[in-house]
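S.K.: The lines below spell out each chain.
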Amino acid sequence: MKTYQCDVVVVGAGPGGSMAARYCAEGGMDTILIEKKAEIGAPLRCAEGVSKKWLEEVGITPDPVWIRGDMKGAVIKSPQGTTFQLDESKAGAEVGYVLERHLFDKALARDAAEAGAKIMLRTSATAVIREEGKIVGIKARSMGEDIEIRAKVVVAADGYESQVGRWAGIDTTLKLSDIDSCIQYRMCNIDVLPDYCEFVIGSVAPGGYVWIFPKGNGIANVGISVAGQLCTKGADAKYYLDKFIAEDPRLNKGQCLEIMGGFVSTCPGLDCAVDDNIVLVGDAARIIDPITGGGICHACRTGMYAGKVLSECFKTGDYSKKALMPYEKMWRDRMEDKLFRNWMAKEKLATLDDETIDELIKMIASADIKEVNVYNLLKAVKEKFPKVVEGFEDLI
Amino acid sequence: MCLMKVNYDKCLHCGGCVGSCPKNAIFLNDYVLEFNDDCNGCGRCVKLCPVAALSKE
Numbered sequence: 062m063k064t065y066q067c068d069v070v071v072v073g074a075g076p077g078g079s080m081a082a083r084y085c086a087e088g089g090m091d092t093i094l095i096e097k098k099a100e101i102g103a104p105l106r107c108a109e110g111v112s113k114k115w116l117e118e119v120g121i122t123p124d125p126v127w128i129r130g131d132m133k134g135a136v137i138k139s140p141q142g143t144t145f146q147l148d149e150s151k152a153g154a155e156v157g158y159v160l161e162r163h164l165f166d167k168a169l170a171r172d173a174a175e176a177g178a179k180i181m182l183r184t185s186a187t188a189v190i191r192e193e194g195k196i197v198g199i200k201a202r203s204m205g206e207d208i209e210i211r212a213k214v215v216v217a218a219d220g221y222e223s224q225v226g227r228w229a230g231i232d233t234t235l236k237l238s239d240i241d242s243c244i245q246y247r248m249c250n251i252d253v254l255p256d257y258c259e260f261v262i263g264s265v266a267p268g269g270y271v272w273i274f275p276k277g278n279g280i281a282n283v284g285i286s287v288a289g290q291l292c293t294k295g296a297d298a299k300y301y302l303d304k305f306i307a308e309d310p311r312l313n314k315g316q317c318l319e320i321m322g323g324f325v326s327t328c329p330g331l332d333c334a335v336d337d338n339i340v341l342v343g344d345a346a347r348i349i350d351p352i353t354g355g356g357i358c359h360a361c362r363t364g365m366y367a368g369k370v371l372s373e374c375f376k377t378g379d380y381s382k383k384a385l386m387p388y389e390k391m392w393r394d395r396m397e398d399k400l401f402r403n404w405m406a407k408e409k410l411a412t413l414d415d416e417t418i419d420e421l422i423k424m425i426a427s428a429d430i431k432e433v434n435v436y437n438l439l440k441a442v443k444e445k446f447p448k449v450v451e452g453f454e455d456l457i
Numbered sequence: 076m077c078l079m080k081v082n083y084d085k086c087l088h089c090g091g092c093v094g095s096c097p098k099n100a101i102f103l104n105d106y107v108l109e110f111n112d113d114c115n116g117c118g119r120c121v122k123l124c125p126v127a128a129l130s131k132e
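First to last, the sequence lines map onto chains A and B. With my numbering applied, the first sequence closes on residue 457, and no number is skipped along the way. With my numbering applied, the second sequence closes on residue 132, and no number is skipped along the way.
FYI, nobody ran anything at the bench for these hints, they're computed from the structure. Errors might be hidden in some of the hints.
[Claimed, not checked] Per label pair, the in silico range of CB-to-CB distance:
hint, chain 1, residue 1, chain 2, residue 2, range
1, B, K98, A, R395, 24 to 34 Å
2, B, Y106, A, K314, 25 to 35 Å
3, A, C249, B, N104, 26 to 36 Å
4, B, D113, A, Q146, 20 to 30 Å
Note that the Cβ used here is the ideal one computed from N, Cα and C, for glycine as well.
With the rest of the complex left out, here is chain B:
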């Protein structure tokens, strides 16, 4: 189950969260971020996102 919510009105599709995820649980498919079941909701991507496009569900 995905623990993260993406605000696509903000997301710049930069892939920063993908490379920063300690679980390699995020995949950037063109303009869509996919989180897999390895996501444990650690929140690193939320903190690092340069435009605050990510939040916990």
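Next comes chain A alone, as it looks inside the complex:
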């Protein structure tokens, strides 16, 4: 069997994996980045909307190559049609770009390669290798051949599937209510705002929301998330999305150019995303905004943190859980409170009826919120509808 030797093997070349590989390689580590698919960034499993502010934080320079649209704002709607429009002046942090993920992901992988990482496509991890109890690499199938990649540390960036962590003994299993089942159509021949991202909440998408993210030239990503505990018999996501499209005159003459499925976790992150000789990043660590299901910025942040911490470990050769704990501290300091608050808000939102949601959106639209973000919205809700934020009011 062919065996490769390296300092770190990163499983999965999504944004989290490529960022981890880049920062590991920049830190002087001999880095192998594996991707099970034949093409990085495709097929798509993403709505492609991101905010702007974090890009600088993780060292990514916005590039027109992967920016499909620069949004002016966002629109939040109730099923009754009450609308709250956020404009860029008010929603700086939450408004952003619609990406071309297949190009964005390739750009991040290129950055990793330029930093010195070796990329292996069509290479799928199948197990972790342990010797005397210690993780010493992974087994994989690469272009149809069984191989071993021996490494001092493994970065699990295998996304929602999150199997590497489980093979390593880290429980990444989700509660049913912390899973959103999603489906999305790339639609044309529709009549939607070209530079606003639209979100519709309420019974049209039980426990989740419908999104319409414009891709230019009369094309948009139209998708839906449905909370796991509200899925009943299979194809719930498709049923609700088809129903929404059929009833919306802007969409019901549209045609699909692409159809894709995908799941997101909506929990506040793993209890611990490291163990001896292994680090989990991004969706694999269940670190994703529980209310929006947005995971790209979390993946990039955690990937960068992992790469930086591993580069420090590389100097001493100590990749024990204790030595990796600075990674745990970095992501928690940066994101834990927000993840927990948004998780609580998501739990509550799933219990509200359409009338209450309509009332909430009316109130938010009339309230004078200087800078609109999830936190300030919840603050306004707390004032007018204290019951909605019961149980986590201390975090607001």
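We have chain A already, so just place chain B on it with the hints.
M.R.: Relative to chain A, chain B alone:
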């Protein structure tokens, strides 16, 4: 023995069932779903699949 049936005419290969399986019993190999012996037929994947591509044998 596999307790689940996959309808590949519907499956979008999204991997949602893989990450949702409480037994980590499903593996997505390109376009093929493989179930291992840990599958106890709990049906979580059947309920969650966005296109109803899964059913019990």
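S.K.: Look at each hint and say if it fits the structure.
M.R.: Comparing the hints with the structure gives:
{"no.": "1", "hint": "K98(B) to R395(A): 24 to 34 Å", "in the structure": "holds, 33 Å"}
{"no.": "2", "hint": "Y106(B) to K314(A): 25 to 35 Å", "in the structure": "holds, 32 Å"}
{"no.": "3", "hint": "C249(A) to N104(B): 26 to 36 Å", "in the structure": "holds, 32 Å"}
{"no.": "4", "hint": "D113(B) to Q146(A): 20 to 30 Å", "in the structure": "violated, 49 Å"}
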